[in-house]
Amino acid sequence: MASTDASRRDRFLVIAFSTFGLLILPLVLQSAGNFWVRIADTALLYVLLALGLNIVVGYAGLLDLGYVAFFAIGAYMYGLMASPHLSEHFPWFAALFPHGLHTSVWLVIPLGAAVAGIFGVLLGAPTLKLRGDYLAIVTLGFGEIIRVFMNNLEAPINITNGPRGLDQIEPVTLFRFDWFGIPGINLGKRLEIGGYTLSSVTLYYYLFLALVVLSVIICHRLELSRIGRAWMAIREDEIAAKAMGINTRNMKLLAFGMGATFGGVSGVMFAAFQTFVSPESFSLMESVMIVAMVVLGGLGHLPGVILGAVLLAAMPEVLRWVAGVWDLQRLTDGRLDASILRQLLIALAMIIIMLLRPRGLWPTPEHGKSLPSGAK
Amino acid sequence: MDVLLQQIINGLVLGSMYALVALGYTMVYGIINLINFAHGEVLMVGALVSWALIGWMQEHAPGLPGWVLLLFVTLVACVVTSALNYTIEKLAYRPLRNSPKLAPLITAIGVSLLLQTLAMIVFKPNYKPYPALLPTDAIAIGESAVITPTQIMVLVVTAVSLVSLMYLVNYTRLGRAMRATAESPRVAALMGVRPDTVISATFVIGAILATIAGVMYASNYGSAHHTMGVLPGLKAFTAAVFGGIGNLAGAVVGGILLGLIEAIGSGYIGDLTGGVLGSNYADIFAFVVLIVMLTLRPSGLLGERVADRA
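Chains as they are written, first to last, in the numbering used here: chain A, 1 to 376; chain B, 1 to 310.
Be careful, since some hints might not be right.
[As the list claims (entries may be wrong)] Only pairs whose alpha carbons sit at most 20 Å apart, straight line, appear in this in silico EDC-like list of lysine to aspartate or glutamate:
1) 189/A to 167/A
2) 101/B to 236/A
3) 124/B to 337/A
4) 124/B to 236/A
Hint data in this document are derived by calculation from the structure and do not stem from the laboratory.
Just need the whole structure built from these sequences, with the hints factored in.
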């Protein structure tokens, strides 16, 4: 009994320290400049995306190379509902909402999640018969189709504003109650509490952190649930899973749908955070990076996935800063600037980490039941 | 009618380049079950190396006929990319042959990114005008359709490459070893085939085909760039899956069909949809067709494998 108490106390200490660390992190970073907090924000968004993709690839073993499409769907959803774009381009819309559509983020989040989830199921439906690599190319194609549409849906009806994207997107306002005349907290502006200033990026950090914590809890519960077990059974051996009475079709659709909702929610957050969305942010490269985060970290293992996402999201930005400090561009006659160095190091990291640790940096401790289509 | 004829010519030219690249994907996939995501970048490296070499040759050995120059730079570029692809396989894929399946996929993506970055550093990131080495006057076919000498070259070179490859795979010792390894590396090894050598050879052949495609791609469009491999790579992969991945004839059929669908589709989509969708949607034809196709036949057009083994 004593040992359980000790481990329980250790666990409590770890949680207490990490909570404290995560809460204070932006305040420390903020003093070094908002640039650093922005990196932390981006990393949290990627953690959210990686957690969602982990449901599809890590738990259910379905390789999805078009995941960024759901991110895009969420982002455009918020972009359309919280920017003047629709009322500027459609007179009937302007007549309906003379002051524009200032949708509350609490409405857009579930809506974005639902729409992305529906698209996830729509994508899943025709691919149910496909396995492994065939699935990969179909999902990749789906991602590209969505991107081409975002890029071109400005004529004859201007919905996405084409390559120029949507701008003037409103930042998130929390705790706004118009009925009671409470203006709420606009996360786009800095907040002063008793002489101490919290910058806008710091406020977003806390919002994202809350979402990430909620997602981790959801993922953890899913992993332990009957659904999670069913997914893993499908990942290990689909035919056996079917024989044991698992409805593989519904379970796969559920995995696609649930994974996509995470993508949709992070998209909504991304649009609110950037106040601008354009098709450029949703390239195939982005999908590939998210897959890389999940695989490099440790497929199907939550701490690993989070590590992978933070590493691949934050490291390049830090490197960009380092390259700026050393003025690499001047040293190398303009051949090696910050963005090239960043790309070079991401590529090397992907190769080297996989060669040294093919199961990921922080893989699941349980052997033999962690990776889809493992070595035969 | 003439628009149709013109689009068929363009489609065949485009499709034959896809076919050459698709063969590289399908051969590698057939043998080691890996989607070699870096394959499109081999095409790009081939094109850029040949571009640099043309510049150098024109300076140091002026007066060479265009086709001799083109042949020579293609040969040299093939040697370079073969060595490159051989090294990549040895360093990035071979150590992971018994690892979880996603590991080599990620290194392949890493290699593709690495090659693009290195190409950007070595050749600088600007668009390079690719000189026209063959005569540029178009030959009229029918009333208003035309074909350029470069396009004729593409068709001829593709046909020759395909016939040579088919001969190699079906009638030579190496070809038999390749087919045996694709069937089962362990049994092939018991029969005296060295799977590692065969796999290396496959990567070298893939590099040669991709380089030929790359040089032709650059000559046909008149420019070369460090990201030029991405889209043809994706389309060729789509073509390989479309035809049934692992099946050589499937890759060729898939590539040519995809080229035709894309060219004809982008020529007519404006008329068909009353101007709502324009030719800027050309890039999605490949994927829409692929999704429809795989829904109907999950193993591709000529694929015989059971979907479960994929």
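Quick rundown of the hints versus the structure:
1. Proximity of residue 189/A to residue 167/A is assessed by CA-CA distance (about 17 Å); at most 20 Å being required, the pair is judged to hold.
2. About 13 Å separates the Cα atoms of residue 101/B and residue 236/A, which keeps this hinted pair within 20 Å; it holds.
3. Between residue 124/B and residue 337/A the CA atoms are separated by roughly 11 Å; this keeps the pair inside 20 Å, and the hint holds.
4. Taking the CA atoms of residue 124/B and residue 236/A, the gap is near 46 Å; set against the 20 Å cutoff, the hint is violated.
Going through the hint list in order, the structure does not satisfy hint 4, though it satisfies all others.
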